Amino acid sequence: METVRNLIDLVSVFVLPAFIIGFPIYGLLKKVPVYEEFVEGAKEGFTVAIKILPYLVAILFAIGMFRASGAMDFLTQGLRPVLSFIGFPSELVPMAIVRPLTGSGSAAIVAEMIQQYGEDSLLVKMAATMFGSTETTFYVIAVYFGAVQVKKTRHAVPAGLFADIAAMLLAVYIVRLLFG
Amino acid sequence: MLNYIWAGLIVFSLVFALIYDIRDLNQDTYRNGQPLPVTMHFEEPYDASTRRLPVHVHINQTEFQRLYGVSHDVDSIYAGTLVQTLDGRQLQFAKDVSLPEPLATIRSMTSKRENDLRGPVSFEAAAGGAAVTRVPANLSFARVRFVKLTAITQAALDFAQTAVTIAIGLIGVLALWMGLLRIAETAGMIHLLVRFAQPVFRRLFPEIPKDHPATGLIILNLSANVLGLGNAATPLGIRAMESLQELNPQKDTATNSMVLLLAMNTASVQIVPPSLLVAIMGLQVNQLFFSILLTTFFSLIIAVVTAKFLQRTKRFKASDPLLTNQPEG
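If you're matching them up, the sequences are chains S and C in order.
Anchor point for the first sequence: position 95 equals 371 in my numbering, and the numbering is continuous, going up by one each time.
Anchor point for the second sequence: position 245 equals 286 in my numbering, and the numbering is continuous, going up by one each time.
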C-alpha cells in the first residue's frame, strides 16, 4: 500500500516535466522546427481564452446571483427530509448542492466542516471525498464547450449532473463502508 | 436544457431575494428609524467643541436583543469615534470590526466603501464643568431595505468580473499547452497515442474515424485528470474538444462524443486528489485515497452509461448533429 502510494506520488511529480520537456525533445528527434511550431500553437491560447469568456460570464454571474439570493438555504431545507430518507447525512446537503455550481464555494464548505467537526470525522471524510470525486460541472461545460463555441449542449447537463449525484451518494456509502 | 437551468437560476434568485426582502420589511428586521441605546465611554472628559473624539461604545446585551428580537450575543465594547460638526453628531465604529447581525448587514448596506458602522447619535451633553466620561446615547442608522436584491445585483457584477479574471488567467497555461501539443502533433506523437489507445476508445467514441488525432488528445486529457493535473487537463481537454469539433457538421451543437468527453471529465477517476483538497486537508487527504478512487471509478462508469443512454433517447437523437444535417431552429 505504502509503495503503491509512493509510486503514484512519484509518477505524478514526473508526468508534467515529462510532457513539458519530452514533447520538444521528441520533436527535435523527429526534425520538427520545435520553436516555430510551439509559437504557432501557443498563439491559440489567447483566442481560446477570449472565446471562453462569454460562456464563463454567463454561467458564473447566474450562479453568483443564485448563491447571493439565499436560495441555497431554501433548497437545503427542502431537500433535507428527502435526502435523510435515503441515508444521506443532512450536514452534507449544502455540499451536495454547491459542488456542481462552484469549486471555491464547495472548498470553503469543506474547510468550514473541518473547523466544525474535526478532520477525522466521518462527515469531513465524506465531504472531502465528494469534493475529490466530482467536478464543477457547470464550469467545465462553460470552459470546454465555450472553447469550441458550442451553445446547444444537448444531454451534457443531465449526464454531468446525474454523474455528480451518483458520485455524491457513492461517496457517502463508500466512506461509511471504509471508515464507518 | 441549459437555457432553462440558466434562466431558472436568474429567475429564482430574484424570487428568493424578494421573499427574503419582503420578510425583512414585514418583520422590520433592521428596525429602521428605531435608535439603538448605547453608552459612550470617553477616554478624556467629553468636550462639546472637539471635532473628533475617540470613544468606546458599549452595547447592552439585553437591550440589543430586545430591540432586534435576536438571541445571539453582542461584544460589549467597540472602539469608535464621535464626530461633531455643525450639522450634528455622528458615531463611527472602527473599521472592519466584527459585528453581530443585524449590525453587520446594516454596515454593509450603509457604509460599503469604508466598512465602518456609522450613524447619527443623540445624547444629553453634560452641562456645567463636571468632567463626564460616560454618556448614554441613542444611535440611529440610515434606512436599510432590500438587502438581498442589492446583494444579487452586486453578485452579478462581481462574478462577471471573476469570469474575466479566470479566463485571462487561463491564457498562459493554455498557450503553453497549445504550443506543446502542436509540437506533439507535428512530431507524430499524438498519432502514436491514437494507435495505442484506439482499440478501447473505438467502442467509447464510435463517431471518431480511424486514426483521427482526437483519440490521442482524449487520452492525454483523461490521463491528466486521473493524475490530478487540473492545470494541464483543461488545455488538453479543450484541444480534444477542438479536434472533435472538426468532425462536427453543426458547429453550435454538441456531438455525442463531445458530451461523453465532458461527462467523463466531470466524473473522472482520480488517483491523485486535486491540489485544492490537499491544500485544505493537508496530509489527511492520504486516507481518502481509496474512497476517492472507488467513488470516481463507479461514477465514471455511471457517467458513461448515462451519456450513452441519453444519446439514444428520442429527444437527444433528434438533435444529434451527425444524424440530422438540417440545422434546426
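Do not rely on the hints blindly, as some may be mistaken.
Label-pair ranges, simulated between beta-carbon atoms [claimed, not checked]:
1. Q392/S - L324/C: 33 to 39 Å
2. Q75/C - E367/S: 36 to 42 Å
3. V280/S - K292/C: 50 to 56 Å
4. R452/S - S112/C: 31 to 37 Å
5. A294/S - A120/C: 54 to 60 Å
6. L59/C - S380/S: 24 to 30 Å
No lab work stands behind these hints, which were simulated from the structure alone.
A quick note: this is a predicted structure, and the numbers were derived from the prediction, not measured.
Positions of the beta carbon are idealized from the N, C-alpha and C atoms, including for glycine.
Here is how each hint holds up against the structure:
Separated by about 20 Å at the C-beta atoms, Q392/S and L324/C break the suggested range of 33 to 39 Å. Between Q75/C and E367/S the beta carbon distance is about 37 Å. The supplied range of 36 to 42 Å therefore holds. Between V280/S and K292/C the CB atoms are about 44 Å apart, so this pair departs from the stated range of 50 to 56 Å. As the Cβ distance of R452/S to S112/C is approximately 35 Å, the hint placing it in 31 to 37 Å holds.
Here the CB-CB span from A294/S to A120/C is close to 57 Å, well matched to the stated 54 to 60 Å. For L59/C and S380/S, the Cβ-Cβ distance of about 27 Å falls inside the hinted range of 24 to 30 Å, so the restraint holds.
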